[in-house]
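If you read the sequences in order, they're chains L and P.
Going by this note's numbering, the letters in the first sequence line up with residues 1 to 271, in that order.
Going by this note's numbering, the letters in the second sequence line up with residues 1 to 396, in that order.
Think of the hints as simulated: they come from the structure by calculation, not from any bench.
No false leads were mixed into what you were given.
With a straight-line cut-off of 25 Å between C-alpha atoms, the simulated DSS-like cross-links for lysine-lysine are: (1) LYS147(P) <-> LYS269(P); (2) LYS269(P) <-> LYS363(P); (3) LYS38(L) <-> LYS253(L); (4) LYS293(P) <-> LYS86(L); (5) LYS34(P) <-> LYS6(P); (6) LYS33(P) <-> LYS162(L); (7) LYS139(L) <-> LYS10(P); (8) LYS163(L) <-> LYS12(P); (9) LYS192(L) <-> LYS225(L); (10) LYS162(L) <-> LYS10(P); (11) LYS243(L) <-> LYS216(L); (12) LYS225(P) <-> LYS369(P); (13) LYS163(L) <-> LYS33(P); (14) LYS243(L) <-> LYS164(P); (15) LYS85(L) <-> LYS293(P); (16) LYS2(P) <-> LYS225(P); (17) LYS293(P) <-> LYS115(L); (18) LYS164(P) <-> LYS239(L); (19) LYS163(L) <-> LYS34(P); (20) LYS162(L) <-> LYS34(P); (21) LYS395(P) <-> LYS263(P); (22) LYS243(L) <-> LYS253(L); (23) LYS163(L) <-> LYS192(L); (24) LYS12(P) <-> LYS139(L); (25) LYS29(L) <-> LYS293(P); (26) LYS163(L) <-> LYS10(P); (27) LYS29(L) <-> LYS246(L); (28) LYS164(P) <-> LYS29(L); (29) LYS164(P) <-> LYS390(P); (30) LYS10(P) <-> LYS166(L).
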Amino acid sequence: MSRIAAKFEELRRRGEGALIAFVTAGDPKPVMTPKIVKTLSKHADIIELGIAFSDPIADGPTIQAAADRALRAGTTPSHVFAMIKKIRQTSNIPLVVLTYYNIVLKPSLETFMQKLATAGADGIIIPDLPLEEASETRKVARNHRVDLILLAAPTTALIRMKKICKASSGFVYLVSLLGVTGAREKLSDAIKHIIAKAKISSKGRIPLAVGFGISKPAHVREVIKCGANGAIVGSAFVKIIAKNLKDERKMLKELGKFGKILKSATKNQRD
Amino acid sequence: MKYMNKFPAKGKFDGFGGQFVPETLMPALEELKKAYLKLKKDKKFKRELNYYLREYAGRPTPLYYAKRLSSQVGLKVYLKREDLLLGGAHKINNTLGQTLLATHMGKTRLIAETGAGQHGVATATAAAMFGLKCDVYMGTVDMERQKLNVFRMRLLGARVIPVKSGSCTLKDAVNEALRDWTTNVRTTHYLLGSVVGPHPYPMIVRDFQRVIGKETREQILNAEKRLPDAIVACVGGGSNAIGIFYDFLDDPVEFYGIEAGGKGLKTGKHAAPLCDGSGGVLHGSYSVVMQDKFGQILPTHSIAAGLDYPGVGPEHAFMKFQGRIHYDSVTDDEAMNAFKLLSETEGILPALESAHAIAYLKKMPRKFKGKLIVVNLSGRGDKDVEVAAKAMGVKM
Chain L
1 MSRIAAKFEE LRRRGEGALI AFVTAGDPKP VMTPKIVKTL SKHADIIELG IAFSDPIADG
61 PTIQAAADRA LRAGTTPSHV FAMIKKIRQT SNIPLVVLTY YNIVLKPSLE TFMQKLATAG
121 ADGIIIPDLP LEEASETRKV ARNHRVDLIL LAAPTTALIR MKKICKASSG FVYLVSLLGV
181 TGAREKLSDA IKHIIAKAKI SSKGRIPLAV GFGISKPAHV REVIKCGANG AIVGSAFVKI
241 IAKNLKDERK MLKELGKFGK ILKSATKNQR D
Chain P
1 MKYMNKFPAK GKFDGFGGQF VPETLMPALE ELKKAYLKLK KDKKFKRELN YYLREYAGRP
61 TPLYYAKRLS SQVGLKVYLK REDLLLGGAH KINNTLGQTL LATHMGKTRL IAETGAGQHG
121 VATATAAAMF GLKCDVYMGT VDMERQKLNV FRMRLLGARV IPVKSGSCTL KDAVNEALRD
181 WTTNVRTTHY LLGSVVGPHP YPMIVRDFQR VIGKETREQI LNAEKRLPDA IVACVGGGSN
241 AIGIFYDFLD DPVEFYGIEA GGKGLKTGKH AAPLCDGSGG VLHGSYSVVM QDKFGQILPT
301 HSIAAGLDYP GVGPEHAFMK FQGRIHYDSV TDDEAMNAFK LLSETEGILP ALESAHAIAY
361 LKKMPRKFKG KLIVVNLSGR GDKDVEVAAK AMGVKM
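Let's have the full structure, built from the sequences with the hints guiding it.
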């Protein structure tokens with residue numbers, strides 16, 4: 001069983017939802033990432049690491065700025081592989097990479113997946129790689145035992161949702177709203193609907209995690225209550241990094257504090 | 001090999017193209033494709049579009065024999081006068097088509113990206129005429145160098161939204177437009193301005209621009225009783241080029257697509273992905289792009305804002321690998337000289353973009369000496385007077 005599947009299974013037995021925490025690797029600089037991940041790992045169940053791309057069309061201003069900081073600090077995919085290797089030496093937490101297709105394609109699918117797997121990553125999310133274009137990537141990822149996690153959106157019709165649930169591996173990333181990543185005050189009304197649609201489609205065969213706009217404990221509680229198996233929080237963590245660029249200790253402390261609150265919102269939900 | 005009407009097949013030009021966009025947009029692309037393929041066959045839609053192209057935009061545009069220019073460059077040169085269209089560029093062919101398409105799909109709002117501002121103006125124009133809301137994304141660098149067009153768009157009732165991310169030019173405007181579309185996909189049509197982006201855009205924009213080549217064909221056969229030996233057009237995203245080339249693709253005509261060589265290919269400061277780029281995915285399709293070894297998109301440079309883009313339409317990448325179209329580049333300086341040359345010899349101020357095509361006349365292979373050449377004069381240069389003055393060291 002993959003690390004991701006094992007984690008969801010473990011959480012299911014405990015009656016908890018997964019807290020999936022996203023940060024951009026190399027933000028604000030490469031040396032910080034292992035420390036940030038170590039802090040987040042105390043509470044989060046799965047870590048999602050973004051490999052910055054110059055033109056992130058699925059991301060809002062918060063994560064765009066994080067990508068800018070990472071790129072300005074000279075972060076490259078090779079650095080990120082090295083970070084993952086380093087994190088793996090001391091931690092068994094499932095690690096998922098999020099990046100855009102051109103970054104994966106440039107060295108070749110085979111090379112990228114091989115390096116990713118060797119470094120110790122468990123999955124990959126490629127927001128600009130929809131189902132129709134994903135078959136080759138799925139094959140290569142599978143060969144390297146990397147989960148290719150597909151996304152579904154509020155605009156995804158039921159019949160398409162079924163195909164996505166079938167083709168996705170690790171979990172299905174449900175996009176909670178129409179739009180780009182970024183913290184929102186309120187949860188989108190589409191959330192109940194998309195989770196219900198995904199539950200019918202997945203028939204419990206693959207975990208469902210909801211992301212985009214999830215930034216508060218109440219949001220996390222709500223998506224788990226609606227039947228999702230996990231909540232993905234990105235921009236809200238990235239904002240903490242952005243706010244404390246000059247104070248490393250405070251940054252880590254705040255990240256830990258926020259992670260703890262969010263994690264507790266994933267517990268004691270099920271009746 | 002025959003090319004016309006064979007591609008795209010399953011959304012691709014033999015491997016180039018495709019749909020590399022967030023899942024949220026996939027149903028919208030499918031809806032757009034279906035609506036377009038249905039309307040394409042609809043006689044009433046065709047009549048309606050032709051009516052607007054003729055009575056509103058000013059088609060057909062003349063094919064003008066440029067006698068004095070011809071003697072200067074040692075070729076027999078005809079100019080396809082897209083600069084005479086409403087708005088001053090070929091862009092209106094596409095925006096009228098897509099706006100009509102959007103109204104049939106029940107969309108109430110248009111969004112667009114713009115570099116030089118020509119596509120923004122053409123979108124704002126069509127939106128005003130059809131009574132739709134219109135927001136145009138434009139990089140702040142481009143807003144500065146194309147102030148005139150920013151004001152024109154606002155006069156036409158459009159909102160111009162400054163884009164401050166990345167390099168603050170056309171590619172970032174496309175990013176922002178895609179993000180907006182993802183958010184407002186149910187009410188909004190994204191009116192892409194070139195043969196780039198995910199399928200079906202490269203096909204739709206090409207089809208709406210084909211009118212240039214269809215007219216040219218008829219006109220040159222009338223004037224010269226024969227087909228031209230070569231056709232020259234500038235290539236940014238590539239819509240005016242594919243538009244004039246397309247209906248000659250299966251004929252013994254040679255094509256030259258001219259990219260922005262900026263300060264020279266060797267300096268890296270250019271916008272010529274077909275000449276000096278490699279395979280990659282940008283803005284929803286697989287084509288050639290300017291990128292570093294990690295796949296990060298590189299900043300570009302051109303004196304012509306409309307060519308200042310690191311990617312190019314997937315059909316051009318396909319044509320390059322097929323060897324059917326030749327691609328070359330001219331520098332900022334060569335384009336500036338052509339800008340002056342056409343002004344002085346013919347009394348026509350070309351857009352700096354189109355000046356790249358004019359500049360290539362001096363660099364055509366020797367075998368074309370005295371031969372019959374058509375140049376797509378895709379836009380007029382009034383918008384560029386300020387940039388030109390600056391390049392010439394003139395204070396206005």
